[in-house]
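Q: In case you want the letters, here they are:
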Amino acid sequence: MNDTRTLLADTCARLFTDQVTPALIESAEKGAWPAALWQMLEENGLTLPQIPESRGGAGGAWGDAQVVLAACGRFAVPLPVAETMIGAWLLSESGLDVPLGPLTVAPVRPADRLSLTRAGAGWVLDGVAGRVPWGAAAGHVVVAADSDDGPMIGLVARGSAKCEPDVNLALEPRDTLGWSGAPVVTAALVGAGLPTDALRSAGALARSAQMAGGLEFLLSQSVKYVTERVQFGRPLASFQVIQHQLALLAGHTAAAGMAAQRAFAAMDEGDAGFEIACAKIRTGEASGLGAGIAHQCHGAIGFTYEHSLHFVTRRLWSWRAEFGAEVYWAALLGREVAARGADALWPYLTSR
Amino acid sequence: MATFNFQLGKLPPEAQKVRAEIRDFLARTLGGTSATKRALSWGGFDRDFSRRLGEAGFIGMTWPKKYGGHERSALERYVVLEETLAAGAPTSAHWVADRQSGPLLLRFGTEEQRQRFLPRITKGELAFAIGMSEPDSGSDLASIRTRAERVEGGYRVNGTKIWTSNAHISDYAIALFRTKVVPDKKHEGLSQFLVDLKSEGIGIRPIIDLAGGHDFNEVHFQNAFVPDDMLVGKDGDGWKQVTTELAFERSGPERYLSSIRLIIELIREVGAEPGERAAVVIGRLTAHMATLRQMSLSVAGMLQAGQNPNLEAAVVKDVGTSFEQEIPEVVHALLGVEPRLGSGSQFERVFGYLVEHAPSFSLRGGTREVLRGIIARGLGLR
Ligand SMILES: Cc1cc2nc3c(=O)[nH]c(=O)nc-3n(C[C@H](O)[C@H](O)[C@H](O)COP(=O)(O)OP(=O)(O)OC[C@H]3O[C@@H](n4cnc5c(N)ncnc54)[C@H](O)[C@@H]3O)c2cc1C
Chain A
6 MNDTRTLLAD TCARLFTDQV TPALIESAEK GAWPAALWQM LEENGLTLPQ IPESRGGAGG
66 AWGDAQVVLA ACGRFAVPLP VAETMIGAWL LSESGLDVPL GPLTVAPVRP ADRLSLTRAG
126 AGWVLDGVAG RVPWGAAAGH VVVAADSDDG PMIGLVARGS AKCEPDVNLA LEPRDTLGWS
186 GAPVVTAALV GAGLPTDALR SAGALARSAQ MAGGLEFLLS QSVKYVTERV QFGRPLASFQ
246 VIQHQLALLA GHTAAAGMAA QRAFAAMDEG DAGFEIACAK IRTGEASGLG AGIAHQCHGA
306 IGFTYEHSLH FVTRRLWSWR AEFGAEVYWA ALLGREVAAR GADALWPYLT SR
Chain B
7 MATFNFQLGK LPPEAQKVRA EIRDFLARTL GGTSATKRAL SWGGFDRDFS RRLGEAGFIG
67 MTWPKKYGGH ERSALERYVV LEETLAAGAP TSAHWVADRQ SGPLLLRFGT EEQRQRFLPR
127 ITKGELAFAI GMSEPDSGSD LASIRTRAER VEGGYRVNGT KIWTSNAHIS DYAIALFRTK
187 VVPDKKHEGL SQFLVDLKSE GIGIRPIIDL AGGHDFNEVH FQNAFVPDDM LVGKDGDGWK
247 QVTTELAFER SGPERYLSSI RLIIELIREV GAEPGERAAV VIGRLTAHMA TLRQMSLSVA
307 GMLQAGQNPN LEAAVVKDVG TSFEQEIPEV VHALLGVEPR LGSGSQFERV FGYLVEHAPS
367 FSLRGGTREV LRGIIARGLG LR
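Keeping their order, the protein sequence lines are chains A and B. Residue numbering for the first sequence follows the numbering used here, starting at 6 and increasing by one per position. Residue numbering for the second sequence follows the numbering used here, starting at 7 and increasing by one per position.
Rather than coming from a laboratory, the hints here were simulated on the basis of the structure. Worth double-checking, as some hints may not be accurate.
Claimed, not checked - Some chain B residues close to chain A (C-beta under 8 Å, calculated; not the full set): (1) V157; (2) I269; (3) V286; (4) I288; (5) A293; (6) H294; (7) G371; (8) E375; (9) V376; (10) R378; (11) G379; (12) I381; (13) G386.
Just so you know, these numbers come straight off a predicted model, no measurement behind them. Just so you know, even glycine gets a beta-carbon here, dropped at the ideal spot from N, CA and C.
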């Protein structure tokens, strides 16, 4: 990591250690919006790290976004930071201004479709999108929609949709939004530099960093716990089975971190389709295995609401299914690899 | 808690150039080699191939020119390793010498030993074996008992080494012997020696593996004489040296690429438009392999930077061997075909070879359990 990123990581760690307390996460789980925390994030330039300064961002790169998102995963920050970064990126790359405040994106599920139609000088939005993160709470929704002119990016304000609230396992809002002739704030054709599945792939990218961060938490928390907890007259850490379980968790954590790192670097290099698929597959798989090991090492205490382990494990179980689960990306990647042919596998891998 | 230091490694332009060169060399040299031959991975032993690889300048790449080396970077060498493995080249006649014995001599050997052995290794002329394990000392390597006793002009060796891969077709072994018995201090009094495998008093008995192959051996020492100038490093420093050597042994791409041939042949088998399940399997394996490659490359970058990535190398070996071991299982679950030996399609035979050899991947070079112990120590658990 370069110096600015180390600094950024330190800033996040300091801020989140102070602010993202169990009490704050619990109140967010009950539906409260942590407004003060959001404001602090915005003031510290943590919500738009990779967006150009000309559009209100911090002017950094995706590598900076990764640092922030990993910290959000590690601390279970109950805010749409990832969604804001992705939404702002879609807008900014399509030549649109980025509004202040929290954003979310739709559609998240591969099967959901939205459409934009001309209405007078502007556009109106139709369609239904399920499982939209913070769909009701975010100030604006950035949508990827079809139109007669081709794929577009649009911005609609909070309240423009009929909303059915719901949550994921971690009690993060995952709402169903339905638009019917809803007016949009701005809309433009998808920026020329964006891949066709920009929304989903950026979502997968962001989740991979969050999951890698969550795994780091599980590892450090588990190491700490087994070092302190005494059974049979000695710390759990001294039992070889426990050591081996944590070594395994360490391996998955390292692999997840590496896969995410590579994907963000590829994003900064300009073409990250392959690396994002790899990252979402690898971090998703590590998440399931890692959550299992962390809970096993914690015994019953980790299975209580009182203990904070579940703030991360419940997120990992949900996040790995969002923006395409492992199976979705693996099928996509597998078809591509097969189409290139057996002997192209290695040359292709090393060309990335 | 100590954290890992996996940073993205970027290959410099020189390394990309080397990739083109080695690919070209391999394409010319291996042309019509069958998939089943390529499946042997770094188990394939072919002195002629090693000599040609040496001639082309791909052995001892990072070593000083005065010893026949090429003073290239660790990353250029890394590219050669991964290309030879991916191509399924028969590398075993120079692999140990290039990876482990040569670097050991560079670090701890005498000037005379370096001049005598390194140039011939770089020419691909010398095959080395590793004489560490003994019948009663596997994971607990420091408990070895083979004695080397001081005599006029050298040492007199008695005892037995086991699992010595390629001892029967190699020229030398670097062997660990006990030169002094220090009660209750088993890590002390160990020393490493260069052993000429043709010397008198050395008996090599084949051990046939479960696949019917002959790779490893029992090596008996009966009053075998090893002259003074074949002691590597200092008498009694063997343990320190061996652990250094094991770091070389654990950090390379051979720890996740042993089964790559099966992935390649699986892709050929399911064709350009596979069904959903096959596509998912291939996509997943690709994602794992690409990630392991980045991890392994990261370790190579640390070696290049002069750091000591022992912990990271253990992580790569543990995650990597689990991956390469999983591949035949995944193929079985997907296709349910019978693994075959001498009959059946190329695919079935590649599959058969890997089913039978996969169990060894997490044994050789230190077992999974031993590696996890090292990682646990790195995590501060012991
Ligand atoms: C294909 C192959 C090639 C080899 N080539 C060479 C070679 O060229 N030269 C050479 O010197 N050796 C070689 N070896 C030997 C290899 O290094 C040993 O097999 C390995 O170190 C394990 O020793 P062992 O077989 O005696 O098993 P053991 O040490 O008896 O172990 C058996 C099982 O018990 C586990 N175990 C042992 N101790 C512990 C512990 N403290 N905690 C938890 N679990 C433990 C092990 O992990 C393993 O699962 C080779 C092995 C193979 C399979």
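Q: Compare the structure with each hint and give your call.
A: Results for each hint:
no.: 1; hint: V157; result: 42 Å, violated
no.: 2; hint: I269; result: 7 Å, holds
no.: 3; hint: V286; result: 4 Å, holds
no.: 4; hint: I288; result: 4 Å, holds
no.: 5; hint: A293; result: 4 Å, holds
no.: 6; hint: H294; result: 7 Å, holds
no.: 7; hint: G371; result: 16 Å, violated
no.: 8; hint: E375; result: 7 Å, holds
no.: 9; hint: V376; result: 11 Å, violated
no.: 10; hint: R378; result: 4 Å, holds
no.: 11; hint: G379; result: 7 Å, holds
no.: 12; hint: I381; result: 4 Å, holds
no.: 13; hint: G386; result: 7 Å, holds
This entry does not satisfy hints 1, 7, 9, going by the numbered hints stated previously.
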